[in-house]
Amino acid sequence: MIRNKLIEHGLAIILVGIVFLFLYLLIDRNATSALSGRQQVIQDFADLPFINWNNPADRSLFKDAWILYHPDQKESADSLIKAIVNRYNFKTESALHKQKSSDQSFAGKVQHLWPMYIKFIFVYIIVLIFSYYAAQTAAVWRFIKMKQQRSSYLHLLYSQLKNKPRFSAGKIFFTFILRCLKLLAQATGKGILYLILFSPAYVVAYAFKTSFNTNSMLFMILLGSFTNGLLITYTQKFFAFLVTESRKGYLHTAIVKNLSQDYTQRTSGIISLNSIMRWKKVFPGHVFEHIYSNARYQYLPTLKEQAAFLITGLIIIEMALNIQNHLCYDLLQNLLYEDYTSVLIASFGIFLIIKGTEVIADYIYFKETVKYENR
Amino acid sequence: MRTGKPEKKNGGYANPVISVLSIQKDTMWFLLWIGGIGILWLWDLFFLNVPARHQVQSSFINTLIISALVIVFSVCAAWSTANAVHYLRSVRMPFFFHTFNFILNLLRSIPQIIGILFGYVVLTLLMQQETLNQAFLQLAAMAAVLAIFVFLELHDLLLERIEHFQKQDFCNAMRVCGISEFRIINREILIGNSRIHIFYKLIAIFGTAIFLQCSIDFIISVGLSLQLSSVNFPLTLGSLLAKIDSKQDILAIGYSLTNWDYIRYLFTRHLQGISVAFLIVYSLICIHKTSNAYARRRQL
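Chain order of the listed sequences is R and S.
Going by the working numbering, the first sequence opens with residue 1, and the numbers climb by one from there.
Going by the working numbering, the second sequence opens with residue 1, and the numbers climb by one from there.
Hint data in this document are derived by calculation from the structure and do not stem from the laboratory.
Incorrect hints may appear among the rest.
Claimed, not checked - Using 35 Å as the maximum straight-line C-alpha spacing, the simulated DSBU-like pairs for lysine-lysine come out as follows: (1) R:Lys280 with R:Lys257; (2) R:Lys119 with S:Lys247; (3) R:Lys119 with S:Lys25; (4) R:Lys237 with R:Lys280.
Claimed, not checked - Coverage of chain R stretches by chain S, computed from C-beta distances (three or more under 8 Å per stretch; other residues unrestricted): (5) 8–17; (6) 314–326.
Remember, it's a predicted structure, so these values are computed and weren't measured experimentally.
C-beta: ideal position from N, C-alpha, C; glycine also.
Excised from the complex, chain R in its bound form (with noise of 0.2 Å):
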């Protein structure tokens, strides 16, 4: 099974290569391209040598020009006019751009991009385990307060308000509203971590821009651990899992067998803090034990999801907050001023980055099922 999903793997990887590679030699050979129709007559009085298009006199002289010899398209020359401008704009800051980097052989570009794909990869390591490690931890916190019956903050809040005390003494009143402001408190922090957890990751730096150093990569590892719903979203998935598994038969087996179903929180204890928060989770003698270890032999699958999902958010947190020497602002970049070649390398970079870990969620999977079939 392994080896087939390995071979799969390997296919797909040597297709899209073999894609991108007649990609670039397409792009090589094609250049310099003719273009068609009115793009080609844009293209031509950009590139006249003798204008300067953001000269207000030239491009008048060229509006009467051009009216005097087609008075027939009197009413587009304004149009034109502008779409000649953002060429030869675009091609004078394509020629900028290219000058960056000096060597533009193939070799060139790869040494170019080569620290940032260090770099992406780096950030993509370090948010996947903390990812994966977080939605587990906040998984279980949910559901063992879901076994607790603990009532949201606005409910309690409400259920204290609609049962408030006879205020005989001053310290009562005083209690009350001190328990009912701590709800208060409580249930608008988690809204607030809730806007948190689910806005996009531009969103969030936009707002923290003029407060923090949004450029460094502690705060887009931060971003891309917290924003754009990947936590939440895996959290919740995590979380179905392990409401499936309680609902199945088997646990009353365990019950029988005299394992604990006690969800009751302790300082130390089987249900406690501290087992709940380790890397490595285990609930001996509880019922819990199994609950989780089959939730989490199912959740294995999910990580190659969870990974391109992952991809996703850090590449709209690079190319929406233009972080320069990034490497999918570099994409983007490239994308704009038209270096094909850069972006084929890049793309094909971050694809390998998702089969590498799609390989390495199979072998796990595979690991476990050879542990739970006894083979």
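Start from chain R and add chain S according to the hints.
Just chain S, lined up with the frame of chain R:
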């Protein structure tokens, strides 16, 4: 133990409003979404200037139209591919089956945002050649590009449902009765017994579509503006947020973190950006909550 839930009376809650909201949380979250947007619209009506309000309205409507179209295209694509995979497997054509699966898995390995970005580049070329002129056609094309990279979620679900029901006796019984495979799969399994699962997945896809669409439009408006500004994609929440006015408004949030007295101006002077950001984030929260509550109610 703290429970604090409102008291029940004869199996239901004493307060009829609480009763409805507590039983159907998915409906509650959906109503909260509509209500929240309604309140924002009223607020904008009083405090946001007319041109900006029109922009917010049209961008939100365009975003909703695209996301709804993504659902339509995803259903069509997923239904077709799931049927194709099942057919190729059942007629024992291993080469075509593996090739088709291979292509789908390859699509899965492409980061959604990269795939959509390249799709938008193609759309730009089509718009430059004036092939995509009509506004609705542009929205549909944007939705089609998004659907290519999100439909696989639904495809997996449909296949999972088909595989699950194939193991049940009633499938074989229907085959023995002479009912066609096409009808068993599409009518009995997918429409008859998987509607709820499909609906749940479609709510989630709606949220994903909003997120991806806003992100790609933001990226394009910020990073590729030089090339694409002359093309004019329809205004969406993402592209409106990328405008300098909106970005200034969002930056004001950060400023108010260090200057607390400035918070009072956020909801009157910086309303365009705040409204757009709120619409994106609030919609994502409510859609996520609605889909989860629906799954919980239906015990999916």
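Go through the numbered hints given earlier and state which of them the structure violates, listing their numbers in rising order.
Per hint list: single violation, 3.
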